[in-house]
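Please put together the full structure from these sequences, using the hints given.
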Amino acid sequence: MIRDITLGQYYPGSSPVHRLDARTKIIATLLYIIELFIVNNFWGFLIAGAALFTVIAISRVPVKFIFRGLTAVFLIIAFTFVINLFMVDGRILWQWKIFKITYEGLMRALFMAVRLVLLIIGSSMMTLTTKPIELTDGLEKLLKPFSLIGLPSHEIALMMTIALRFIPTLMEETDKIIKAQQARGADFESGNIFQRAKSLIPILIPLFISSFRIAQDLALAMEARCYHGGAGRTRMNEIHFARGDAAAAILMIVFLAVIIASRFLPTIF
Amino acid sequence: MAFISVKDLIVEFTRIDEDGREVPGKKALNGVTLDIDRGSFVAIIGMNGSGKSTFAKCLNGLVIPTAGDVTVDGFNTRDEGHLWDIRRRVGMVFQNPDNQIVSSIVEDDVAFGPENLGIKPAEIRRRVDDALRKVGMYEHRTKGAHMLSGGQKQRIAIAGAVAMRPECIVFDEPTAMLDPQGRQSVMDIIKELNAEGITVILITHYMNEAAQADRIVVLKKGLVFADGTPHDIFADREMIEKAGLELPYEIELREKAGLPDTVMTVEDIICQLK
Numbered sequence: 195m196i197r198d199i200t201l202g203q204y205y206p207g208s209s210p211v212h213r214l215d216a217r218t219k220i221i222a223t224l225l226y227i228i229e230l231f232i233v234n235n236f237w238g239f240l241i242a243g244a245a246l247f248t249v250i251a252i253s254r255v256p257v258k259f260i261f262r263g264l265t266a267v268f269l270i271i272a273f274t275f276v277i278n279l280f281m282v283d284g285r286i287l288w289q290w291k292i293f294k295i296t297y298e299g300l301m302r303a304l305f306m307a308v309r310l311v312l313l314i315i316g317s318s319m320m321t322l323t324t325k326p327i328e329l330t331d332g333l334e335k336l337l338k339p340f341s342l343i344g345l346p347s348h349e350i351a352l353m354m355t356i357a358l359r360f361i362p363t364l365m366e367e368t369d370k371i372i373k374a375q376q377a378r379g380a381d382f383e384s385g386n387i388f389q390r391a392k393s394l395i396p397i398l399i400p401l402f403i404s405s406f407r408i409a410q411d412l413a414l415a416m417e418a419r420c421y422h423g424g425a426g427r428t429r430m431n432e433i434h435f436a437r438g439d440a441a442a443a444i445l446m447i448v449f450l451a452v453i454i455a456s457r458f459l460p461t462i463f
Numbered sequence: 007m008a009f010i011s012v013k014d015l016i017v018e019f020t021r022i023d024e025d026g027r028e029v030p031g032k033k034a035l036n037g038v039t040l041d042i043d044r045g046s047f048v049a050i051i052g053m054n055g056s057g058k059s060t061f062a063k064c065l066n067g068l069v070i071p072t073a074g075d076v077t078v079d080g081f082n083t084r085d086e087g088h089l090w091d092i093r094r095r096v097g098m099v100f101q102n103p104d105n106q107i108v109s110s111i112v113e114d115d116v117a118f119g120p121e122n123l124g125i126k127p128a129e130i131r132r133r134v135d136d137a138l139r140k141v142g143m144y145e146h147r148t149k150g151a152h153m154l155s156g157g158q159k160q161r162i163a164i165a166g167a168v169a170m171r172p173e174c175i176v177f178d179e180p181t182a183m184l185d186p187q188g189r190q191s192v193m194d195i196i197k198e199l200n201a202e203g204i205t206v207i208l209i210t211h212y213m214n215e216a217a218q219a220d221r222i223v224v225l226k227k228g229l230v231f232a233d234g235t236p237h238d239i240f241a242d243r244e245m246i247e248k249a250g251l252e253l254p255y256e257i258e259l260r261e262k263a264g265l266p267d268t269v270m271t272v273e274d275i276i277c278q279l280k
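Taken in order, these protein sequences are the chains called S and B.
Those letters in the first sequence? Residues 195 to 463, per our numbering, in order.
Those letters in the second sequence? Residues 7 to 280, per our numbering, in order.
It should be emphasised that the hints constitute simulated quantities derived from the structure, not laboratory data.
No residue lacks a Cβ here, since even glycine has one placed at the ideal position from N, Cα and C.
Don't take every hint at face value.
Covered stretches of chain S (chain B as the covering partner; in silico rule of three or more C-beta atoms under 8 Å from a C-beta of chain B) [as the list claims (entries may be wrong)]:
# : stretch
1 : 243–252
2 : 329–341
3 : 353–362
4 : 427–434
Short derived list, chain B residues pointing at chain S, Cβ under 8 Å [as the list claims (entries may be wrong)]:
#  : residue
5  : Asn66
6  : Leu68
7  : Trp90
8  : Asn105
9  : Gln106
10 : Ile107
11 : Ile111
12 : Phe118
13 : Met170
14 : Arg171
So, in structure tokens, the structure goes:
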């Protein structure tokens with residue numbers, strides 16, 4: 195079961211989107227998120243949605259795969275929708291005792307839900323089309339300028355790489371500890387929520403200790419392989435900006451202009 | 007001159023007592039003197055607590071001697087300026103296959119060592135492909151490391167050491183956590199690497215693995231207890247028992263079958279019995 199999990203939900207492929215430099219994709223995603231907050235009417239969302247759909251089509255990532263990511267955050271979206279629906283004052287459409295739905299509330303709720311959905315799909319496009327290692331490499335290069343003010347960009351990237359690497363290992367370890375504790379008669383299934391939370395302690399403490407042991411082993415292994423920090427280190431797959439990245443940059447600027455312009459369009463409703 | 011020369015090596019671990027003071031703890035090594043020649047295949051055996059693993063970690067400067075010296079190709083491990091020269095010459099493979107893989111993807115992990123050496127990308131790619139072919143894992147190069155079996159992971163760890171083009175690889179009980187097939191595949195690779203001229207130092211618990219080396223060093227309580235060819239070492243039944251070890255199964259079988267002591271492997275025994 196644990197062996198099947200995908201890391202960082204990468205969907206392998208060789209589309210133009212996959213081939214873009216990780217840095218381009220990180221910047222594009224950040225920009226897209228900012229743009230979603232610039233949008234102030236449904237025209238903007240229509241344009242942003244169309245752009246996102248084009249990217250999905252080019253990337254050839256199955257839509258099913260993308261929506262799988264959405265189901266995980268469905269609760270958050272639903273919660274935001276309901277809160278907005280009932281909390282905004284205005285023209286009343288429907289009322290039952292203290293609960294009322296207003297026209298403004300409905301609009302605001304729809305607006306927020308669309309924004310959230312686009313936000314999540316947009317950012318998952320980045321992780322779906324970029325290998326975790328490329329992502330951390332890209333992040334390292336992007337953060338490099340900040341090392342002048344003392345930000346350890348290489349260390350942050352390495353930490354992320356190692357964290358991703360050890361998720362499956364720690365899950366296996368957890369599995370093993372749970373079975374070992376169950377074999378000793380530990381009970382994780384009965385009792386109220388506090389008793390259950392308390393019964394997790396015999397899992398967490400061994401896990402904590404074993405992750406320290408793993409860290410120590412790994413540090414030794416890294417030292418034995420001549421690791422001595424980011425200085426003087428080269429990469430096997432160096433990332434380069436290519437023509438596709440230049441095209442993406444131009445499209446990003448055009449898209450930003452269109453989104454800003456969309457603010458001045460008359461509202462649909 | 008010997009490739010690795012160990013002289014009066016003492017390693018004493020200090021521990022912190024209740025008041026926060028450093029007090030001398032256990033002596034893991036108690037004056038080991040040993041020369042290892044270029045291209046040889048040396049097995050180091052001894053019961054738990056004999057200092058085998060500590061000895062291994064001294065060979066590439068992971069543990070610095072309390073007293074005595076370890077010299078690798080003319081570089082002393084105490085000399086911090088040459089630590090990386092030593093570690094690029096002496097690679098190391100550890101016991102737990104899981105805890106020595108740094109990157110999620112097989113080829114990225116193998117590239118970790120060469121990347122640290124600051125080699126050009128094209129050359130790293132060549133070395134990684136080369137190393138993966140050598141351990142028979144080239145087809146798996148783009149897989150996630152967590153999808154592999156223990157034996158396969160250990161082969162990746164070996165490839166990671168090989169990709170640095172070391173002159174010597176120290177194996178610290180590389181087969182202890184593997185199943186029989188994984189163990190066999192790792193031993194085959196070790197022998198192949200040695201045949202290609204890489205000096206191999208194998209720390210092991212398994213006597214039949216030690217029997218495949220050119221030379222066996224028996225450690226007991228941090229001292230060299232015996233040193234010789236497998237033939238001589240396993241001929242001395244009394245010494246083996248004193249060191250807290252057992253004879254390999256093959257030797258036991260040979261003695262029970264009443265065969266001459268030139269016979270060393272199961273294949274030989276089968277030949278003789280026919």
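Any CB of chain S closer than 8 Å to the CB of B:Leu68?
-> Holds. Min distance 6 Å.
Query raised in the report: Does the CB of B:Ile107 sit less than 8 Å away from some CB of chain S?
Result: 7 Å, holds
### Query
Are there at least three residues in the stretch 353–362 of chain S whose beta carbon sits under 8 Å from a beta carbon of chain B?
holds (count 5)
### Hint validity - B:Asn105 Cβ closer than 8 Å to any chain S Cβ
4 Å, holds
Taking 8 Å as the limit, does the beta-carbon of B:Met170 come near enough to a beta-carbon in chain S? Holds, about 7 Å.
Check your understanding: At a threshold of 8 Å, is the proposed contact between B:Gln106 and chain S supported by beta-carbon distances?
Key -> Holds, because the Cβ-Cβ distance from B:Gln106 to chain S comes to roughly 4 Å (cut-off 8 Å).
Going by Cβ atoms only, is B:Arg171 closer than 8 Å to chain S? Nearest chain S Cβ about 12 Å off; hint violated.
Q.
Holds or violated: the hint that B:Phe118 contacts chain S, with Cβ atoms closer than 8 Å.
A. 6 Å, holds
Establish whether the coverage given for the stretch 427–434 of chain S by chain B is satisfied; the threshold is a Cβ-Cβ distance below 8 Å, and no fewer than three residues must meet it.
-> holds (count 6)
Exercise. With a cut-off of 8 Å, does the beta carbon of B:Trp90 approach a beta carbon of chain S closely enough for the hint to hold?
Worked result: Given a least distance of 5 Å, the restraint on B:Trp90 holds.
Tell me whether the statement that chain B covers the stretch 329–341 of chain S is true, taking a Cβ distance below 8 Å and needing three residues at minimum. Answer violated; 0 residues pass the 8 Å Cβ test.
- prompt: Taking 8 Å as the limit, does the beta-carbon of B:Ile111 come near enough to a beta-carbon in chain S?
  reply: 6 Å, holds
Checked against the numbered hints given earlier, the structure breaks hints 1, 2, 14 and satisfies all the rest.
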